[in-house]
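J.: Those protein sequence lines, which keep their order, are chains X and C. Just so it is clear: in the first sequence, position 47 is 47 by the working numbering, and no numbers are missing. Just so it is clear: in the second sequence, position 7 is 117 by the working numbering, and no numbers are missing.
Keep in mind that the hints are not guaranteed to be accurate.
Unchecked claim - The calculated lysine to aspartate or glutamate pairs, modelled on EDC-like cross-linking and capped at a C-alpha distance of 20 Å, are: (1) X:Lys46 <-> C:Asp214; (2) X:Lys17 <-> X:Asp53; (3) X:Lys17 <-> X:Asp61; (4) X:Lys46 <-> C:Glu156; (5) X:Lys46 <-> X:Glu84; (6) C:Lys153 <-> C:Asp172; (7) C:Lys175 <-> C:Glu156; (8) X:Lys54 <-> X:Asp83; (9) X:Lys106 <-> X:Asp83; (10) X:Lys54 <-> C:Asp214; (11) X:Lys106 <-> X:Asp86; (12) C:Lys153 <-> X:Glu84; (13) C:Lys153 <-> C:Glu199; (14) X:Lys106 <-> X:Glu84; (15) C:Lys153 <-> X:Asp86; (16) C:Lys123 <-> C:Glu199; (17) X:Lys17 <-> X:Asp86; (18) X:Lys46 <-> X:Asp83; (19) C:Lys186 <-> C:Glu111; (20) X:Lys106 <-> C:Glu156; (21) C:Lys175 <-> C:Glu199; (22) C:Lys175 <-> X:Asp93; (23) X:Lys46 <-> X:Asp86; (24) X:Lys46 <-> C:Glu111.
Simulated from the structure, these hints should not be mistaken for lab results.
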Amino acid sequence: QSVLTQPPSVSAAPGQKVTISCSGSSSTIGNNYICWYQQLPGTAPKLLIYGNDKRPSGIPDRFSGSKSGTSATLGITGLQTGDEADYYCGTWDSSLTGAVFGGGTKLTVL
Amino acid sequence: EVQLVESGGGLVKPGGSLRVSCAASGFTFSGYTMNWVRQAPGKGLEWVSSITSSSSYMYYADSVKGRFTISRDNAKNSLFLQMNSLRVEDTAVYYCARGAGDYDYWGQGTLVTVSS
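Turn these sequences into a full structure, and let the hints guide you.
T.: Spelled out as structure tokens, the structure:
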């Protein structure tokens, strides 16, 4: 059972938009920055969003992040088959004094 | 170019020990918090441990506290994870990752298998 809760899977057609939710608590998302990672099959995770809503250099603006209270959302527009991957949210847990990740969401582009 | 290269993984028996390493290049290693994150086969990411830039603070997941020790050698741009009293459930790919809070660079991982 992960400290951050994500849906196990989401799917959408190419060109469409999808959102992935991440639910936490006041000790996690509520009082810390959230980040999102993309893990393509067989590869290491890659930082997609940091500081709740900022994109590292090289990440297209099709990817966006938002946070409200103790929840966060990753949005992906203009879906491409190459976006098929596992997506993880992550943050710091002030009560555990450690980092925490969501259980991951598998995105299928139909 | 930032590079993180893990090594030292392998097969070890339950109760055994192993030390994995991460060689960093392409950035000022001594200026960054470094981390270990693991991923069991077919499972999600699990944070393991973090160490601040000058080794002032170390943090551990409850699942490894008392068994694993994180350390670093800033002169050699290297990060280490000493794993003792290994359990079957420690089997995973171990990644080193740079950053405090958000991990902007990751290595390719090294596989640790704990099995009799």
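J.: A separate judgement is required for each hint: does it hold in the structure or not?
T.: Status of each hint after checking the structure:
1. Pair hint X:Lys46 plus C:Asp214 holds up; C-alpha atoms about 7 Å apart against a cutoff of 20 Å.
2. For the proposed pair X:Lys17 and X:Asp53, the alpha carbon gap of about 17 Å is at most 20 Å, so the pair holds.
3. About 13 Å separates the Cα atoms of X:Lys17 and X:Asp61, which keeps this hinted pair within 20 Å; it holds.
4. With a C-alpha separation of about 15 Å, the suggested pairing of X:Lys46 with C:Glu156 holds against the 20 Å cut-off.
5. For the suggested pair X:Lys46 and X:Glu84, the alpha carbons sit about 13 Å apart, so the restraint of at most 20 Å is met.
6. Proposed proximity of C:Lys153 and C:Asp172 is supported: the alpha carbons are some 18 Å apart, at most 20 Å.
7. Proposed proximity of C:Lys175 and C:Glu156 is supported: the alpha carbons are some 14 Å apart, at most 20 Å.
8. Taken as a hint, the X:Lys54 and X:Asp83 pair is honoured in the structure, with Cα atoms around 19 Å apart against an allowance of 20 Å.
9. For the proposed pair X:Lys106 and X:Asp83, the alpha carbon gap of about 10 Å is at most 20 Å, so the pair holds.
10. Simply put, X:Lys54 and C:Asp214 have alpha-carbon atoms about 12 Å apart, close enough for the 20 Å limit, and the pair holds.
11. A C-alpha spacing of about 4 Å is found between X:Lys106 and X:Asp86, which places the hinted pair at or below 20 Å, so the restraint holds.
12. Annotation: proposed proximity of C:Lys153 to X:Glu84 holds, straight-line Cα distance about 17 Å (limit 20 Å).
13. For the proposed pair C:Lys153 and C:Glu199, the alpha carbon gap of about 12 Å is at most 20 Å, so the pair holds.
14. A distance of roughly 8 Å separates the Cα atoms of X:Lys106 and X:Glu84; the hinted pair therefore holds under the 20 Å criterion.
15. This hinted pair checks out: C:Lys153 and X:Asp86 have alpha carbons roughly 11 Å apart, not beyond 20 Å.
16. Pair hint C:Lys123 plus C:Glu199 holds up; C-alpha atoms about 12 Å apart against a cutoff of 20 Å.
17. Between the alpha carbons of X:Lys17 and X:Asp86 the distance comes to roughly 16 Å, so the proposed pair stays at or under 20 Å and holds.
18. Restraint check for X:Lys46 and X:Asp83: satisfied, since their Cα atoms lie roughly 12 Å apart, inside the 20 Å limit.
19. For the given pair, C:Lys186 sits about 17 Å from C:Glu111 by alpha-carbon distance, which is consistent with the 20 Å threshold.
20. The hinted pair formed by X:Lys106 and C:Glu156 meets the criterion: a straight-line CA distance of about 17 Å does not exceed 20 Å.
21. Proximity of C:Lys175 to C:Glu199 is assessed by CA-CA distance (about 14 Å); at most 20 Å being required, the pair is judged to hold.
22. For the hint pairing C:Lys175 with X:Asp93, the CA-to-CA distance comes to about 16 Å; that is within 20 Å, so the pair holds.
23. Pair hint X:Lys46 plus X:Asp86 holds up; C-alpha atoms about 11 Å apart against a cutoff of 20 Å.
24. Pair hint X:Lys46 plus C:Glu111 holds up; C-alpha atoms about 15 Å apart against a cutoff of 20 Å.
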